[in-house]
Each structure stands twice: as C-alpha cells, then as structure tokens.
Amino acid sequence: MHGSTTVQASAPSRIESIDMVRGIAIMLMVVGHSYDYLSYEAAAVLGKASPLPLAMLNVNVTTVFVFFNRWFTHSGAPIFLFLAGVGAYLWAHKGGVQRSLGSFLIPRGLLLIALQLVRTVMQLFTSEYPASLDVLWSIGMSMILLSFFSKLPRNLLLLVSVAILAGHGLPVLYDFPGEDHVIWRIFMTADTFGFVGDTSIFNRFPVIPWFGMMLLGYATGHLFLLPLKERRNVFLFLGLSLFFVWVVLRGANVYGYQPLWQEYPETWKTVASFVNISKYPPSLYFSLVTLGTIFIFSFLIDYFSLRCQFLISIGSTSLFIYIVHLPLCKIIAVGLSKILNQMYWPISKNVYFSVPTSYFIALIAIICIYPISKYYLSIKQKYKKFKILSYL
49 MHGSTTVQAS APSRIESIDM VRGIAIMLMV VGHSYDYLSY EAAAVLGKAS PLPLAMLNVN
109 VTTVFVFFNR WFTHSGAPIF LFLAGVGAYL WAHKGGVQRS LGSFLIPRGL LLIALQLVRT
169 VMQLFTSEYP ASLDVLWSIG MSMILLSFFS KLPRNLLLLV SVAILAGHGL PVLYDFPGED
229 HVIWRIFMTA DTFGFVGDTS IFNRFPVIPW FGMMLLGYAT GHLFLLPLKE RRNVFLFLGL
289 SLFFVWVVLR GANVYGYQPL WQEYPETWKT VASFVNISKY PPSLYFSLVT LGTIFIFSFL
349 IDYFSLRCQF LISIGSTSLF IYIVHLPLCK IIAVGLSKIL NQMYWPISKN VYFSVPTSYF
409 IALIAIICIY PISKYYLSIK QKYKKFKILS YL
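The sequence shown begins at 49 in the numbering used here and counts up by one.
Keep in mind that the hints were calculated from the coordinates and are not lab data. Keep in mind it's a predicted model, so treat the numbers as computed, not measured. Mixed in with the good hints, there may be bad ones.
With a straight-line Cα cutoff of 20 Å, these simulated DMTMM-like cross-link-like pairs (lysine to aspartate or glutamate) come out [to be verified]:
| # | residue 1 | residue 2 |
| --- | --- | --- |
| 1 | Lys142 | Glu64 |
| 2 | Lys277 | Glu64 |
| 3 | Lys378 | Asp182 |
| 4 | Lys277 | Asp350 |
| 5 | Lys422 | Glu64 |
| 6 | Lys428 | Glu64 |
Let the hints inform the model, and build the full structure from the sequences given.
Next up, the structure:
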C-alpha cells in the first residue's frame with residue numbers, strides 16, 4: 049500500500065468519544081491498581097495464590113470485594129488495544145486518502161517495546177515478584193504486526209481477528225509445540241518461564257491474542273466514521289449482541305473459558321464463578337464482555353452527546369498516563385504514609401493501607417492526572433518537531 053489512494057470516508061483529526069472511552073479506562077485502571085497493590089484486603093488474597101493477578105479472580109481464595117473490584121476495573125488493556133486499532137484506521141484514512149501505516153505504527157511500537165523491556169529488566173533486580181511482560185510490550189508488538197496486516201482486505205482482517213480472539217484458547221494451539229518452545233509461549237500463552245539464573249519472567253500479555261484485539265479495532269474502525277444516528281444504532285446492537293452471546297455461551301458451560309462455572313453454597317461465589325473471565329490471556333468470554341462494554345460506552349456517549357474535557361484530556365494522552373500512574377500512586381502513598389506515620393518506602397508486600405485509604409489514594413491520583421495530561425498536551429503542541437512526544 050505504497051503511496052496514497054483516494055477513499056470515500058475521511059477521518060477527522062480526533063474523535064472525542066474515543067478519547068473519552070480511553071479516559072474511562074484510565075480511571076478504572078487507577079482505581080483498580082491502587083486497590084490491588086496498596087490495600088490490606090488484596091494483599092491477604094495475593095498471599096494465598098500466584099501469579100498475582102490470577103488470585104484475585106480465583107473464587108476459592110478471593111473475597112467478594114476483591115473479586116468484583118478486580119472484575120470491574122481490569123478492562124483497561126483491551127480498551128487500549130482495540131482503540132489503538134481504531135486510531136490506526138482513522139489515521140490511515142485521514143484527509144480522504146489512504147496512507148501506509150508503517151511510518152506511523154512501527155516507531156511507536158518500537159518505543160513501547162523499549163519502555164517495557166527497561167521496566168522488565170528493572171523488575172528482575174528490584175521486585176520480590178517475577179518480572180513481567182505487560183501491556184506496553186503487547187501493544188508495541190501488535191502495532192508492528194498491524195503495520196503489515198493492514199495491507200490486507202478489510203473482510204479478511206475481520207475474519208482473522210475474530211478467529212484469533214475465538215480460537216487462540218483451543219488446547220491444541222495452547223499446548224503446541226510444547227513447553228520448551230519459549231518463542232511460541234511468548235506469543236501465545238500467559239506463562240512464567242526461566243530467564244537467567246534464578247530469575248523468571250511472567251508473560252502476562254502474549255502477543256497473538258492481544259494482536260487479535262487491535263486487529264479487530266482496525267477492521268471495524270470504519271464504524272466510527274458512520275453518520276451519528278447510524279453509528280449509535282450499530283454500537284448499541286453490537287454491544288448488546290456481544291453481551292448476549294457471552295451469557296448464552298457461559299450459561300451453556302461450553303467453550304470459552306475454563307474452568308466451567310459451578311454452584312457454591314455462597315450466592316456471591318456462584319455469581320462470581322459465572323461471570324469469571326480470564327484476562328491472561330484474554331478468553332473468548334473476556335473479549336465478548338470488554339468489546340461489548342466498549343460499544344455500549346461509545347453508544348451512550350454519542351446518544352447523550354456527552355462531552356467531558358477531563359476524560360478527553362487524559363484519554364488523548366492515555367499511554368503517557370498509563371506509564372506515570374503507578375509511580376504516581378506510590379508517590380502519593382509515600383506522602384500519605386509520612387502524614388499517618390504508618391509505613392515506609394519502599395512499600396513491601398507486608399505493609400498496606402485500609403480499603404478506604406487505598407481508594408482515597410486513587411482519588412488523589414485521578415485529580416493529579418488531569419493537570420499532568422494537560423501539561424503533556426501543551427508540551428506536545430509546543431514541540432511538534434519532536435515526533436517522539438506524539439507516540440505517547
């Protein structure tokens with residue numbers, strides 16, 4: 049797809065509803081991570097099982113509050129991946145011409161991979177838990193792959209993306225070609241593998257399943273250019289349909305996620321078992337729920353003509369805010385601990401806050417995020433010649 053080709057739909061410079069959905073994802077992420085990493089209750093659950101994020105949704109060891117807090121707040125990654133694909137489509141069709149995505153996606157992908165590898169290497173020497181390959185790694189690799197796949201016809205991309213999201217969890221693929229093939233495990237499975245000496249890396253975001261999410265965003269990006277009324281109807285239909293398919297498949301206890309749901313003496317555990325959806329890697333159920341949520345959010349924003357500058361601002365700098373939000377939460381935690389004389393830095397796994405305090409930290413972080421995002425936007429506007437600033 050070299051050169052430019054005239055296309056019918058011209059994408060605007062930015063679609064504010066997309067930034068608002070990204071902003072919602074950031075807020076959920078801040079709340080979830082503040083609670084997950086700084087509360088006594090989450091710490092008690094994490095002490096019972098491993099790897100860390102999986103314990104919170106393990107009905108046999110978690111608590112009702114830990115489970116549903118995690119369930120409602122762990123959708124940030126799929127929102128980022130899907131909307132990154134949508135954003136790539138809009139950029140490729142900006143100004144009424146279809147442009148090659150290589151120069152747009154590859155530098156961004158390489159930067160995100162580099163940032164992730166720096167963080168992973170630091171974790172190898174500073175963290176009490178296994179180092180991990182996280183969402184920046186997956187987004188970066190997916191961007192590079194998308195720069196090549198985008199040359200294929202839209203319908204083929206749609207078919208491939210659905211096949212990846214629905215089929216990557218098949219046992220025959222998950223176990224092939226064996227546990228000794230590290231490259232396959234990095235690209236296909238959420239798994240911990242040895243690195244150097246006694247160190248290990250937890251591959252939380254295997255590339256291929258998450259690439260399917262970004263590819264689907266690119267394949268459906270044209271829906272965001274539909275006339276408003278038609279777009280609202282399409283988003284509502286897709287959102288409700290995805291939730292309906294999830295409920296039917298889960299109720300039938302068929303393919304989509306293991307283990308199967310079951311009844312427990314406690315009602316909340318039965319409900320939790322039913323709605324439980326695996327994120328590492330994203331199960332079919334997880335994809336159905338999170339994609340349905342994206343379309344319902346987009347429908348509501350369009351239907352009620354919602355416009356929130358706070359969400360737009362942090363959504364338009366979402367990757368930058370993602371990078372700074374965890375250090376920000378910990379800095380706030382340190383400052384609060386000094387005031388309360390409760391703890392010290394660094395935060396060890398045995399020193400945590402109460403649930404209300406962890407949410408208070410999240411609230412302060414969310415308040416701080418807005419001026420940070422505004423400042424970063426101003427820096428990007430002032431120094432446009434530094435393209436690297438536009439990558440985040």
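Evaluated hints:
1. Lys142 / Glu64: holds (15 Å)
2. Lys277 / Glu64: Holds. Lysine 277 to glutamate 64 sits at ~16 Å (cutoff 20 Å).
3. Lys378 / Asp182: Holds: lysine 378 and aspartate 182 sit about 19 Å apart, inside 20 Å.
4. Lys277 / Asp350: This hinted pair holds, its Cα atoms lying about 9 Å apart.
5. Lys422 / Glu64: holds (15 Å)
6. Lys428 / Glu64: Since the Cα atoms of lysine 428 and glutamate 64 sit roughly 18 Å apart, the hinted pair holds (cutoff 20 Å).
Taken one by one, the earlier hints all hold for this structure without exception.
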